[in-house]
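Engineer: Residue numbers (the numbering used here), protein chains in the order written: chain B, 68 to 355; chain X, 6 to 264; chain D, 2 to 339.
Don't read these hints as lab results, they were simulated from the structure. C-beta: ideal position from N, C-alpha, C; glycine also. Check each hint, because a few of them may be wrong.
[To be verified] In silico lysine to any residue, SDA-like type, Cα no more than 25 Å apart, as pairs: (1) K152/X <-> T220/D; (2) K187/D <-> R134/X; (3) K331/D <-> Q147/X; (4) K152/X <-> R319/D; (5) K329/D <-> S99/X; (6) K329/D <-> V214/B; (7) K74/X <-> Y8/D; (8) K290/D <-> G176/B; (9) K59/X <-> K331/D; (10) K335/D <-> Y8/D; (11) K82/X <-> T220/D; (12) K152/X <-> K335/D.
[What the hints assert, rightly or not] If you want the footprint, here are the derived chain B segments under chain D, 3+ residues with CB under 8 Å: (13) 143-152; (14) 173-186; (15) 270-276; (16) 299-308; (17) 323-332.
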Amino acid sequence: MIIQQIISGLALGCVYGLIALGFVLIFKATEVINFAQGEMMMIGAFVAYTLIAMLHVPSVLAFFLTLIVCGCLGIILERLLIRPLVKESVVSIIMVTIGLSITLRAFAGMIWSYDTLDFPHLFSEQGVQIGGVIMSPVYIWVILITVGLVLLLYLFFKFTTVGISLQASAQNPLASLLMGISVKRVYAMTWAISGIVGAVAGIMVAPISFLNCNMGFLGLKAFPAAVIGGFNSIPGAIIGGVIIGISENLAGIYLPLWFKDIFAYIIMLLVLMVRPEGIFGTHEQKKV
Amino acid sequence: MEFLSLKNLTISFGGVVALDGVNLDVHEGEILSIIGPNGAGKTTIFNCISRLYKPDSGQIVFEKQDIMKHKAYQVSKLGIARTFQNIELFTNMSVIENILLGRHIFRKCGFLSQIFFYGKSRNEEIEHRRSAEEVIDFLDLQAHRNKRIGELPYGVQKLVELGRALTLKPKVLLMDEVSSGMNFEETQDLMIWITDIREDLGITLVLVEHDMRLVMGVSDRIAVLDYGRKIAEGRPEEIQSNEEVIKAYLGDGDGTFRG
Amino acid sequence: MDLRENYSQDLRIFDEFYKWVWLASIALLLLIYSQAGGYYAAYMLNLIFINIIAAVGLNILTGYTGLISLGHAAFMAIGAYTSAILTVKLSVPFWLALPISGAMAGFIGFVVGLPSLRLTGIYLALATMAFGFIVDEIIIQWHSVTGGAEGLSALPPTICGFVFDSYPKYFFITFVTLGLVLLSAKNLLRGSFGRSLAAIRDSETAAETMGINLGWYKTLAFTLSAVYTGLAGSLYAHLILFISTDNFTLLHSISFIVMIVVGGLGSIAGAVMGAFFITILPEIIAFSKDWLPAAIRNAAGLQAAVYGIVLMLFVIFRPTGFYGLWIKMKIWWKTFPL
């Protein structure tokens, strides 16, 4: 029983981690907190659903098409909503992304209705045996895909020119501009990648959780993940997510059930009190 | 008698030693300038005095009070005021509102009496306003009184910050590169104000400056910092001819800054 | 016409007497409308005034002090539940329950404010959001006191034997409470307290150098903000007569933020305008449905979509909100070359 909970917690945690990863990427590059990241995940799930279940596009093709669509969506959102607010206060940027999350959720409701839909099964339903427990392979796939994606991103940031210029722009936009890096394109790219990461999260969580317009609320759990891992740490996001996923499930076993819903937030509050930068984050001090 | 003393002040930031055992005495009523290359630790000294930084070791004593025992917000009540190198004004407020904040430490009415804004609270507010207007008069800021900080030219912003610090009626005023960004005329005016502040208001001044004309023109004494260490201290004429100072900062003598 | 002769003239709330006349006339008109305009109008007026009180509360924290709160609906819930429990289960008279509810919310605000002193910006926003979730859950689990998920009934208030059991009658209560809230808030914010809060928002470093104890003022801002919001909660409970956690969700917290952003951060007039606009927005949407194509008109998410779009548009294009627009219009009017 426990192993089952741990593995499913691990899988759900990977999803939280991916959404948190979307935040962290955007935050690292542009210092913007994207409250709508959960909704971007939801859109990814819905787009995939539309392609697979309604248009009967083969799964793998649909997967990549979804990524492309969500990547483009990320670029459009950045251009329309975030670019105009480049120098504004944190409050303004938070408000805009909150507005975005409300709007996206409402649009999704209008387009796909507010009912809960059945996400098509992408992986075989046959149970797989792990350590004496039978689990649906979906969970394993989620974990594997997450690991693979994170590895890909790591290589991307470390070894490709684009990846390095992304890091440069995050640390010093002005210098990067002077070096010939198009910071605007970098910001657009960051949002595109976040959109893609969100889409992957959505496609993976829909089968193990649910598919409807309020999926974005799952995205709220990614905040504790990002806080625990550290808002400017990429590995932190995933690790934070996994910690939340597993502890939630364990809390469900050992503590009264209602605790499970708010457990993630209690942990977040504790971390904020003790070490706001999270496990891997860094603390910045303003120079006067 | 000790007025403001730094004893063996040491502080490092992540491996970089910003101040290395600095000893400095400020005499009451004098104008002392601290000069030195960028990164020498001049602003760091001010930040330690304001308790924005916590030194690793050493002491700061002001009028027999150990500054280390006080928190940042208590320093102004002791009588120490400062301006900032990169202006730290309250950008969404007007000039008069910024200056009125200097009166914060003089308020006597508590929170509850302010709810009713009658009698004592109202009179106190009028008194604050009168005091702020004196500072505005002193610095000729009348034209800008109601303008928001964002609308003001840089030089005026610096003056507003100076005015805000003066409103605290401090005993010692730390001025961090107030003349940076000012042109020749503005610097001339500044020199007059600095002397007025000492003469008319009786405030001791410690300046961090790069403008040598200004420094040599108003200072009673000069201290020179390099790499977190004090390498010289004395009257302007002494500093000008000091070999080490010339090597580190002033440049090889070719007659530019002769007395 | 605009020349002042002494400082106290500068300090007045309205610099010219005719503005007081305007205000009194509007107040009178609203009173008359509440009594004669029909049941629904009276309900809406009550709701608008309650939202104004909550918005003013939030504005003190977010607009003036710069501390973001995404959990303010929780303070409203605390006020509402406290008031309902006091009047129904403990038979406390309404005129006592109202201030006690405000105080209770204020106390929780104080408790929440203390640990959050070290948090800024997004971290504080997240912490307050978590606070909101936790309060909701506590209300649901504390079944014996709060009625849990089924909710709690409240009674129409009785003062000196007079029962305010209809919306027009209830309006007198909200009217008086709003008046007191606006007056006290205005007084606090135009003096040294308001300046200190704004200083914290604009530059914490400089504020400390000016002798402002950040911890004390931030906590005070939280407390005061919670008190006002708690009062709004109490009034709300006795207006709708049945409360449950569904009335105090994250979306409600967000709608308060929308109110102060749309109205204009950092001004009381802004909070008033913003709360007014957002409260009647559903009416506006319903009214203009006839002009919309059928597909959009009947969509379930229309109201939420409009909220979101309005919020985004205002933040991007009109960050100073309605109040900023109002000021611009006044200046344009004054400087018109005629």
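Engineer: Checking against the hints above, which ones are violated?
Structural biologist: 1, 6, 7, 9, 15, 16
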